[in-house]
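Asker: Protein chains in written order, with my numbering: chain B, 524 to 779; chain Z, 30 to 442.
Please keep in mind that the hints were generated in silico from the structure rather than gathered at the bench.
Please note that the accuracy of each hint is not assured.
Listed next, with one range per pair, are the computed distances between beta-carbon atoms [stated by the list, open to error]: (1) Z:51 - B:560: 43 to 53 Å; (2) Z:440 - B:750: 20 to 30 Å; (3) Z:420 - B:703: 48 to 58 Å; (4) B:649 - Z:440: 45 to 55 Å; (5) Z:53 - B:743: 47 to 57 Å; (6) Z:428 - B:703: 41 to 51 Å; (7) Z:428 - B:743: 37 to 47 Å; (8) B:649 - Z:406: 20 to 30 Å; (9) Z:385 - B:585: 22 to 32 Å; (10) B:560 - Z:60: 55 to 65 Å; (11) B:558 - Z:60: 25 to 35 Å.
Here are the simulated EDC-like cross-link-like pairs (lysine to aspartate or glutamate), alpha carbons at most 20 Å apart as the crow flies [stated by the list, open to error]: (12) Z:81 - Z:139; (13) B:546 - Z:167; (14) Z:194 - Z:126; (15) Z:429 - B:730; (16) B:546 - B:528; (17) Z:94 - Z:183.
These numbers were taken from a predicted model, which means no experiment stands behind them.
From the three backbone atoms N, C-alpha and C, an ideal C-beta is built for every residue, glycine too.
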Amino acid sequence: MSSVDIAIRIRGLEKVYRMGTEKVRALAGVDLDIRRNEFVAIMGSSGSGKSTLMNILGCLDRPTAGSYELAGKPTHRMSASQLARVRNQEIGFVFQSFELLPRATALANVMLPLIYSSRYWLSARAMARKSLERVGLAQRMTHRPNQLSGGQRQRVAIARALVTNPSILLADEPTGNLDSKTSDDIMMLFKQLHAEGQTIVIVTHEEDIAGHAHRIVRLRDGRILSDHPTADDPTHQTYLRLAASTAASLAQGATA
Amino acid sequence: MMLIPRIIFQTVVLALQQIFANIVRSILTTLGIVIGVASVITVVAATDGLQKFVLKEFATIGASKVWVFPRMPPGQRDRYSWRQLRITVPEAEGMLDRCPSLIRLTPIVEMSTSVSHGDVTKSVATVQGVNSSWHLIEDRDILQGRPFNSIDDEQRLQVCLVNDKAIEELELDANCVGQRIDVGGRSFTIVGVVETKTVSPMFGGTEAVSEVYVPFRTALTLRPEPRMYIIAQTRSPELFEDAREEIRFYLRRSRDLKPDEPDTFGVQAIEAVISQFKRLAAGLGVFLAGIVAISLVVGGIGIMNIMLVSVSERTREIGLRKAVGAQPAVILLQFLVEAVTLCLVGGAIGLALGYMFIGVLKFIPKSPLADAGVPFWAVLLSVGFSAGTGLIFGMFPAIKAARLNPIDALRHE
């Protein structure tokens, strides 16, 4: 695994919150590598530290200790202003509650990250259009969030996350506010984006949602409990085939 | 860097959207600024109008005139009697030769006496004895007949000038030149009619009254020891200081005053009063504008208040903007621009209101503010002040917004 392929490299990551006099260790030393074009689900019960990890991955929060390199850049050493630039250019973040600007149209919402990068308005508009087309909302560009369904809103949010062409797409419980049919649609969208080459990390507590990913990282009490590929992972499929044939040959050998 | 002007433009658009989205709240918020700017503009313009009005009045009195009159030195009442302080005829006659800054002068003998024409008698009328220079100094037109000349004075002729009010009150003919009236028991021939000049009552002027003028020396035959003052004219208005020193030197010598004795006479010019008035008016204007500016500060606190509300109301929005990559400085700029825009819009409305007030005041008939104008510095000052208010009072909420941690802001309910 060469360093060029590494999207995220985390070593000894810790996060301690102070609740009054009490200290809460939300993350107690996490090591994690995520390659480019991986589709990873982070799972865990509430209080496991999965959201804390996600916020640090999204550079929305800073670790207490440890290192986090995003596309080779050491974010744990960056200033608030440098982190803002990383959030703008390297990360697309999808929130559980969408976080759209209520008075702005879908197009204006998707353009928002581009406002904060040095792009001209017209090219920003064209990029936002393309991004909305990519999530299948070409017909809803001038609608405001209250004129859109939940699934459409989350699609707008995903279009906004994709518009800067980020290194990683992070989604924190992206289907948490959606019904199961819409959830499946959104997950299909994620799979499609992944198939187009996008690196995706989602946080969820639902097994069937996590099942869409190719790798599941389980957290408990701020530590990684398990980290293994799912049935959908092509490498995993190879492994399963191998295991099956091995098992079959073993079985043959046993009967022989 | 291209980013900054574009961000400013976008934040201005955003701020305007915010203002229009909460239009009622915005109006109420900027009310303080609106009232503040409107009152600054009104007060400054009113002061300006009043000053122009007063200066015009002063100009009618005359800018190069010098008054010389007896004056009791303070605390010297036991030493002098008013009679001793009177300006004497020789003093008046010698003054022009000794004071090169003066171009002409007239002594004025003022007396109250009865004036009658036929059966009509005015028992108390003001009769003034003046010489022929009086016409040039007072600049009053002769409507009929002729002005006084030096022969009238030297020969002590029993001639007089009247104004139209006197014609009316003494029931003289409209064309009264040649008619005779009795002044203090003697018969005088009217040789001319002078126009009446009045000063606004605001400055001690009165309604037009009957005026009768006789030659100076003729007046002396009516009052051998008259009460008298002198009106002189300097060669130019700025020579007043020179003229005063010359007159003081001359009168102190003629009155034999020792160096440590105070003047027993006064010398005053309208110029001195004007400059004093200008200083007073400027001071008054600044003082009033200062008081009114307090309302701008109060308005600024209102802006700060609403900006703080806006920051906590939009904490999630700030969090989102940060999450998608807004620099802290850009968030700071956004809220500053919003506060400044709010103040500037308020300032513009205030400016318009102020101009409206002044417009209304100007149209009041006989308004002393007819010439009121809003000086450019007042516009700059109030617009600058409202923008400054926005900057200063917007700074605190803006810094608060810029310092928010993105994740804390996003979790805000």
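Asker: With reference to the structure, classify each hint as holding or not holding.
Answerer: Evaluated hints:
Against the hinted window of 43 to 53 Å, the Cβ-Cβ separation of residue 51 of chain Z and residue 560 of chain B comes to about 46 Å, which satisfies the hint. At roughly 28 Å, the beta carbons of residue 440 of chain Z and residue 750 of chain B sit within the given window of 20 to 30 Å. Between residue 420 of chain Z and residue 703 of chain B the Cβ separation comes to about 52 Å, which falls inside the hinted range of 48 to 58 Å. Look at residue 649 of chain B against residue 440 of chain Z: about 34 Å separates their beta carbons, and that is not inside 45 to 55 Å.
The hinted window of 47 to 57 Å between residue 53 of chain Z and residue 743 of chain B holds, with their beta carbons roughly 52 Å apart. Range check, residue 428 of chain Z to residue 703 of chain B: Cβ separation about 45 Å, and the 41 to 51 Å hint holds. A beta carbon spacing of about 40 Å between residue 428 of chain Z and residue 743 of chain B agrees with the range 37 to 47 Å that was offered as a hint. Taking the beta carbon of each, residue 649 of chain B and residue 406 of chain Z are about 48 Å apart, not inside 20 to 30 Å as hinted.
The supplied range of 22 to 32 Å is broken by residue 385 of chain Z and residue 585 of chain B, whose beta-carbon atoms lie about 55 Å from each other. Between residue 560 of chain B and residue 60 of chain Z the CB atoms are about 58 Å apart, so this pair conforms to the stated range of 55 to 65 Å. Between residue 558 of chain B and residue 60 of chain Z the Cβ separation comes to about 60 Å, which falls outside the hinted range of 25 to 35 Å. Distance hint between residue 81 of chain Z and residue 139 of chain Z is unfulfilled; the C-alpha atoms sit about 32 Å from each other, more than 20 Å.
Among the hinted pairs, residue 546 of chain B with residue 167 of chain Z is inconsistent with the structure: their alpha-carbon atoms are about 95 Å apart, more than 20 Å. The suggested pairing of residue 194 of chain Z with residue 126 of chain Z is violated, with an alpha-carbon distance near 36 Å, which exceeds 20 Å. Straight-line distance between C-alpha atoms of residue 429 of chain Z and residue 730 of chain B comes to about 41 Å, which puts the hinted pair past the 20 Å bound. About 36 Å separates the Cα atoms of residue 546 of chain B and residue 528 of chain B, which puts this hinted pair outside 20 Å; it is violated.
A threshold of 20 Å between alpha carbons decides the hint, and for residue 94 of chain Z with residue 183 of chain Z the separation of about 25 Å lies outside it, so the pair is violated.
In this structure, the earlier hints numbered 4, 8, 9, 11, 12, 13, 14, 15, 16, 17 are contradicted, and the remaining ones agree with it.
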